[in-house]
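*Asks:* Here is what each chain is made of, one letter per residue.
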Amino acid sequence: MIMAAEIALEMRAITKRFPGVVALSAVSFDCRRGEIHAICGENGAGKSTLMNILGGNYRPDGGEIRLDGKPVRFRHPQQSRAAGVSIIYQELSLLPHRTVAENVFLGVEIARRGVLATQAMRARTKELLARIGSAIDPGAPVSSLSIASRQIVEIAKGLLLDARILVLDEPTAALEDRDAQKLFTLLRDLRQSGIAIVYISHRLAEVTEIADRITVLKDGAKVWTKPRSEIDLGMIVSAMVGRDLSDFYPKRPAGAPGAAILSVRDASNAALHDINLEVRAGEILGVGGLEDSGKAELARAIFGDAPFASGSIRIAGGALDAHSPRAAIAAGVGYLPSDRKLEGLAMKQSVRDNALLALHAMRRLLSIPGRGGLAADAIDKQLVARNVRAADFGQQIASLSGGNQQKVILCRWLAHDCRLLVCVEPTRGIDIAAKAAVYETMRAFADAGNALIVVSSDLPELIGVSDRLVVMHEGRIVGELPRGSTEEEIMRLSLGLGCRDPAGRESA
Amino acid sequence: MSARAILRALRQRRLGVSINIGLVVFVALYGAIVLVQPNYLEPGLAMNFLRRAAPLVILAVGALYVILTGGLDLSVGSTVTLVVLAASILINGDPARTWPVILLLYGMGLVIGISNGVIVAFLKVPSIIATLGMMLLVNGVALSWSGGAPRGDLPDNFRNIGRLVLTDAPVVGSLPIAVLVLAAVVALGWWGLAGTLFGKRALAIGDNPRAAELAGVPCRATRVAAFAVSSLSAVTAGILVGGFSGVSVIAGKGMEMQAIAACVIGGADLLGGRGVIAGAVFGAVSLFALFTLLNLLGLPQALRDSVQGAVLVLAVGASVWRNGKAT
Amino acid sequence: MTAASPFRRALPRRGGSIASLLTILSLAIYVGAALATGQISQLSYEGVVGLAQRTVALGLVALGQTFVILVASIDLSVATLVSTVAVLASFLMKGDPAMIAPAVAVCLVVSAALGLVNGALVAYAGVNSLIATLGAGLVVQGVLAASFTYLPGSVAPQFLALAYKGPFGVSYAILIFAALALGSSFVLSRTLFGARIFAVGGNLAGARLAGIRTERYVVAAHLICSLMAGVAGLYLAARLQSGTPWIGRDGIYDLESIAVTVIGGTVLSGGRGGVAGTVAGVLLFACLDGAFNMLGVDAFFKQVLRGAIVIAAVAVHAARTKGHVA
Numbered sequence: 001m002i003m004a005a006e007i008a009l010e011m012r013a014i015t016k017r018f019p020g021v022v023a024l025s026a027v028s029f030d031c032r033r034g035e036i037h038a039i040c041g042e043n044g045a046g047k048s049t050l051m052n053i054l055g056g057n058y059r060p061d062g063g064e065i066r067l068d069g070k071p072v073r074f075r076h077p078q079q080s081r082a083a084g085v086s087i088i089y090q091e092l093s094l095l096p097h098r099t100v101a102e103n104v105f106l107g108v109e110i111a112r113r114g115v116l117a118t119q120a121m122r123a124r125t126k127e128l129l130a131r132i133g134s135a136i137d138p139g140a141p142v143s144s145l146s147i148a149s150r151q152i153v154e155i156a157k158g159l160l161l162d163a164r165i166l167v168l169d170e171p172t173a174a175l176e177d178r179d180a181q182k183l184f185t186l187l188r189d190l191r192q193s194g195i196a197i198v199y200i201s202h203r204l205a206e207v208t209e210i211a212d213r214i215t216v217l218k219d220g221a222k223v224w225t226k227p228r229s230e231i232d233l234g235m236i237v238s239a240m241v242g243r244d245l246s247d248f249y250p251k252r253p254a255g256a257p258g259a260a261i262l263s264v265r266d267a268s269n270a271a272l273h274d275i276n277l278e279v280r281a282g283e284i285l286g287v288g289g290l291e292d293s294g295k296a297e298l299a300r301a302i303f304g305d306a307p308f309a310s311g312s313i314r315i316a317g318g319a320l321d322a323h324s325p326r327a328a329i330a331a332g333v334g335y336l337p338s339d340r341k342l343e344g345l346a347m348k349q350s351v352r353d354n355a356l357l358a359l360h361a362m363r364r365l366l367s368i369p370g371r372g373g374l375a376a377d378a379i380d381k382q383l384v385a386r387n388v389r390a391a392d393f394g395q396q397i398a399s400l401s402g403g404n405q406q407k408v409i410l411c412r413w414l415a416h417d418c419r420l421l422v423c424v425e426p427t428r429g430i431d432i433a434a435k436a437a438v439y440e441t442m443r444a445f446a447d448a449g450n451a452l453i454v455v456s457s458d459l460p461e462l463i464g465v466s467d468r469l470v471v472m473h474e475g476r477i478v479g480e481l482p483r484g485s486t487e488e489e490i491m492r493l494s495l496g497l498g499c500r501d502p503a504g505r506e507s508a
Numbered sequence: 001m002s003a004r005a006i007l008r009a010l011r012q013r014r015l016g017v018s019i020n021i022g023l024v025v026f027v028a029l030y031g032a033i034v035l036v037q038p039n040y041l042e043p044g045l046a047m048n049f050l051r052r053a054a055p056l057v058i059l060a061v062g063a064l065y066v067i068l069t070g071g072l073d074l075s076v077g078s079t080v081t082l083v084v085l086a087a088s089i090l091i092n093g094d095p096a097r098t099w100p101v102i103l104l105l106y107g108m109g110l111v112i113g114i115s116n117g118v119i120v121a122f123l124k125v126p127s128i129i130a131t132l133g134m135m136l137l138v139n140g141v142a143l144s145w146s147g148g149a150p151r152g153d154l155p156d157n158f159r160n161i162g163r164l165v166l167t168d169a170p171v172v173g174s175l176p177i178a179v180l181v182l183a184a185v186v187a188l189g190w191w192g193l194a195g196t197l198f199g200k201r202a203l204a205i206g207d208n209p210r211a212a213e214l215a216g217v218p219c220r221a222t223r224v225a226a227f228a229v230s231s232l233s234a235v236t237a238g239i240l241v242g243g244f245s246g247v248s249v250i251a252g253k254g255m256e257m258q259a260i261a262a263c264v265i266g267g268a269d270l271l272g273g274r275g276v277i278a279g280a281v282f283g284a285v286s287l288f289a290l291f292t293l294l295n296l297l298g299l300p301q302a303l304r305d306s307v308q309g310a311v312l313v314l315a316v317g318a319s320v321w322r323n324g325k326a327t
Numbered sequence: 001m002t003a004a005s006p007f008r009r010a011l012p013r014r015g016g017s018i019a020s021l022l023t024i025l026s027l028a029i030y031v032g033a034a035l036a037t038g039q040i041s042q043l044s045y046e047g048v049v050g051l052a053q054r055t056v057a058l059g060l061v062a063l064g065q066t067f068v069i070l071v072a073s074i075d076l077s078v079a080t081l082v083s084t085v086a087v088l089a090s091f092l093m094k095g096d097p098a099m100i101a102p103a104v105a106v107c108l109v110v111s112a113a114l115g116l117v118n119g120a121l122v123a124y125a126g127v128n129s130l131i132a133t134l135g136a137g138l139v140v141q142g143v144l145a146a147s148f149t150y151l152p153g154s155v156a157p158q159f160l161a162l163a164y165k166g167p168f169g170v171s172y173a174i175l176i177f178a179a180l181a182l183g184s185s186f187v188l189s190r191t192l193f194g195a196r197i198f199a200v201g202g203n204l205a206g207a208r209l210a211g212i213r214t215e216r217y218v219v220a221a222h223l224i225c226s227l228m229a230g231v232a233g234l235y236l237a238a239r240l241q242s243g244t245p246w247i248g249r250d251g252i253y254d255l256e257s258i259a260v261t262v263i264g265g266t267v268l269s270g271g272r273g274g275v276a277g278t279v280a281g282v283l284l285f286a287c288l289d290g291a292f293n294m295l296g297v298d299a300f301f302k303q304v305l306r307g308a309i310v311i312a313a314v315a316v317h318a319a320r321t322k323g324h325v326a
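Chains as they are written, first to last, in our numbering: chain H, 1 to 508; chain A, 1 to 327; chain C, 1 to 326.
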């Protein structure tokens with residue numbers, strides 16, 4: 001029997017509407033003291049909206065929130081925090097030019113008669129970081145930290161509040177496994193001390209490891225809430241999408257790879273050393289490694305955003321002088337950035353214009369928009385073929401879900417006729433159905449005689465999607481693995497252990 | 001449909017044709033003018049109105065190019081001043097010199113525009129500062145060169161560009177040359193944005209320069225081109241201003257802000273990524289209609305500033321309401 | 001990551017260093033010009049105090065502008081406000097020393113009112129700060145110009161002491177400016193209010209999520225800016241003995257206050273910078289002006305040089321910007 005007093009947080013029949021879409025419809029959710037309750041769902045399922053309402057950032061159109069049985073109404077994040085709700089976001093709420101301590105204490109600074117107690121804040125920050133097992137310097141500016149470290153600062157910030165309800169939104173997205181494990185230990189401690197913890201994540205393996213109960217949201221409504229003991233992974237996935245886990249990654253290619261599309265020899269720059277790489281037609285090459293292994297820099301070097309300083313690159317037979325993205329694109333390379341909001345999309349422009357962006361950039365200046373290859377019909381067909389769901393392709397792309405936005409960026413490169421597509425974290429922050437669509441598109445692209453390089457931190461994805469993969473460590477390629485490798489093998493190489501020679505030069 | 005539903009549809013731009021707010025404002029203001037002075041419905045006065053509004057409209061078209069890329073050009077006012085003073089000094093009353101000097105003036109404008117563009121795109125100086133510095137510099141050059149007082153003389157063939165009215169035109173009767181120039185500039189401006197890929201590229205840069213760069217948009221060249229267009233339109237406006245107002249050391253004073261205001265009234269987003277030529281044009285004629293109206297009402301020159309200020313804030317306020325804000 | 005060129009690495013990193021660099025540069029230019037033209041008198045006590053005096057007006061306005069730019073806003077109404085306060089002060093005092101205190105009070109209230117209006121338009125109505133402050137400024141400018149002829153007057157003779165008298169030949173105005181500068185620096189770097197200002201400018205959404213009432217701080221920044229401009233207006237009234245509606249515009253206080261703030265290292269996108277850099281920027285302009293005068297540079301050509309220097313000064317530390325700039 002659950003006593004009402006044990007329920008720390010209750011959200012009853014919450015409804016939220018935005019222009020043109022119902023984000024949440026009568027969703028009820030509760031979390032008990034001393035419980036870790038996970039919420040799973042596709043993007044657009046409503047998880048973030050629900051938490052934004054709890055955090056006082058949005059106001060619900062219907063329903064109510066109760067804390068410890070008492071109804072509350074939040075009109076501003078300050079009220080929510082004052083009530084003991086602490087929400088840990090994904091490093092987007094940090095101030096890059098301020099110190100770690102200043103960030104951790106943001107909004108709750110220690111001040112005596114208006115004057116900041118800087119030493120006290122730094123000391124306390126150091127304590128908090130130690131609790132998470134981190135030795136980050138509280139006086140360091142956040143801009144000097146890696147993304148993983150910034151996420152840790154974000155977590156420390158959330159812990160400072162001494163909250164009764166802690167909400168974590170995709171906390172391990174930017175973390176390495178060892179940091180994630182430290183976080184889980186911490187969460188178990190907090191659970192022990194009676195805090196109600198809400199854990200939002202796409203990572204089903206983690207969710208089944210850490211959660212006591214799991215709630216699945218789909219299309220703004222709750223599907224079910226069940227205790228962990230009654231669930232397995234398959235159930236969660238089918239509740240989220242209604243399809244089988246095994247269908248997830250695309251089937252293997254039909255024939256053997258063809259001629260080399262990309263060939264990199266002895267290339268280096270400030271971050272990368274002696275890179276030797278070859279990708280053939282029909283191949284998807286995965287690139288794995290830890291946060292600072294240089295895999296993202298490799299992608300940027302090939303695309304010309306942070307070019308190689310020495311060595312040679314050839315593409316489809318000719319030399320590739322990728323000194324700028326524009327040069328690389330002209331040679332047939334496309335790029336799917338890891339952060340589509342920051343680096344991929346022009347939010348105020350239409351879906352169509354975003355899909356046509358590469359063409360608009362690369363065709364002759366005097367080409368007439370909307371005619372010939374730039375015609376609306378042609379690109380609309382592409383968008384429909386990729387299953388981009390939008391009421392009207394002339395509407396602003398900001399109104400599309402993350403998954404659909406990612407598909408639009410894919411269309412952009414498909415329309416441009418690339419030979420090589422470099423993708424970095426291609427399915428970060430998008431729902432399962434869209435992920436599957438992205439993988440399918442990649443496979444089809446490769447099967448058509450082109451090649452892909454997929455840089456990813458998601459090991460199952462890397463293993464599922466790649467035909468073969470290379471692993472990087474400290475700016476070098478330390479190993480190559482064939483199809484069917486295990487996560488352990490990849491992790492060993494990523495950590496710099498078992499340094500094998502790169503698996504021989506590819507025979508041309 | 002209830003009034004509320006209509007307002008909501010307007011707000012969400014679902015009424016089929018999206019009505020440019022500048023057009024609405026212009027129709028309202030010109031209507032008010034006509035109420036005060038019915039003659040303004042006659043082609044003669046209407047053309048005269050357009051003739052006098054032409055410099056501002058031309059400046060607004062140029063300003064829009066820069067605003068789309070997310071920047072601002074504060075130097076156009078002083079460019080106008082420079083053009084007026086330089087023309088006067090260089091031509092010095094000799095009609096044979098008019099066209100060569102005009103060519104030279106466009107050359108100067110190109111130098112100013114490209115310099116602005118290079119400073120912003122290559123030296124990474126924010127455009128407010130870069131064009132502010134350029135404004136001081138160009139104004140200084142203009143005053144230095146002229147010694148602080150109007151010198152030289154503008155011959156008729158120069159001035160006619162700004163002030164001559166053809167009296168035997170079909171349909172409208174009187175047709176000022178300035179209006180022809182205006183039409184040509186607007187057509188060119190529209191073509192640049194809608195008939196080439198320049199507009200799409202500029203919008204992408206203003207919306208998300210990093211994404212534009214990664215999609216292959218030539219960001220630096222596009223920015224430089226935008227500033228060049230802005231300065232060239234300032235030269236054109238200056239020639240018209242010199243035509244009908246004559247020479248003065250404060251010829252272009254304040255015009256850069258008016259051009260920006262015109263674009264804002266026409267719906268352009270000052271942060272970049274949104275705006276159309278029609279908006280800039282309607283915004284400019286609206287602003288000019290406002291000035292004319294206040295003039296006709298006998299409002300003291302001083303209070304016109306106040307009204308302009310209030311209209312500006314209201315126009316942007318309306319734009320913010322229209323585009324909605326996060327909940 | 002490309003290796004930073006030696007030039008880039010040599011550039012100052014923290015705001016304090018920019019301030020020091022600018023100060024040294026400014027003084028070098030001033031001293032250099034004095035020595036080169038043999039006008040050693042400029043380096044005397046009176047000369048240096050005179051230099052300090054010339055930093056007061058722009059300095060006060062720029063202090064206020066710094067707060068506003070730190071919260072990623074901008075204030076184009078300062079020039080108008082300076083003129084308005086100068087005129088109002090003269091009108092209210094009409095030469096009567098008993099009216100000094102009431103006049104000053106009214107002027108500060110008027111300044112505060114404009115600051116609140118600006119702040120409200122930007123923070124609560126969501127109007128772009130360029131347009132909001134330009135518009136508000138225009139409204140006030142119009143009213144001022146229209147009613148100026150009805151507002152004759154001059155400041156009380158005792159009020160002139162503000163600009164002309166003070167201990168050891170240093171006018172009270174200079175002291176007030178110094179005090180306000182030091183106070184601002186303290187507030188920004190060591191108080192809760194200051195930390196919140198940086199937060200709001202650095203990451204508005206993040207600050208809000210952290211529970212900070214961001215609108216209040218934006219309004220506060222605009223309030224401070226307008227009050228500073230008001231003080232500058234009072235100073236100018238004391239210096240010129242009366243005001244006209246064009247003092248602000250003629251001094252280009254709006255755009256120059258923005259220029260010196262940015263030159264001093266405060267970033268237009270907010271969240272970074274400070275008062276030390278701004279004061280150094282003002283000093284630079286004053287020294288340049290002084291140097292130009294000593295070198296006999298033509299008044300108009302001074303403007304040309306000023307424009308070029310604004311661009312060059314910002315270009316030098318914008319050179320480190322890796323991303324895009326509009």
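Don't take each hint at face value.
Quick partial rundown of chain C residues pointing at chain H, CB under 8 Å, derived from the structure [stated by the list, open to error]:
1) 198
2) 207
3) 271
In short, the hints are calculated from the structure, not lab data. Where is the CB? At the ideal position from N, CA and C, for every residue including glycine.
*Asks:* Are the hints correct? Go through all of them and say.
*Replies:* Taking the hints in turn, this is what the structure says about them:
no.: 1; hint: 198; verdict: holds (6 Å)
no.: 2; hint: 207; verdict: holds (7 Å)
no.: 3; hint: 271; verdict: holds (6 Å)
Hint compliance for this structure: every hint is met.
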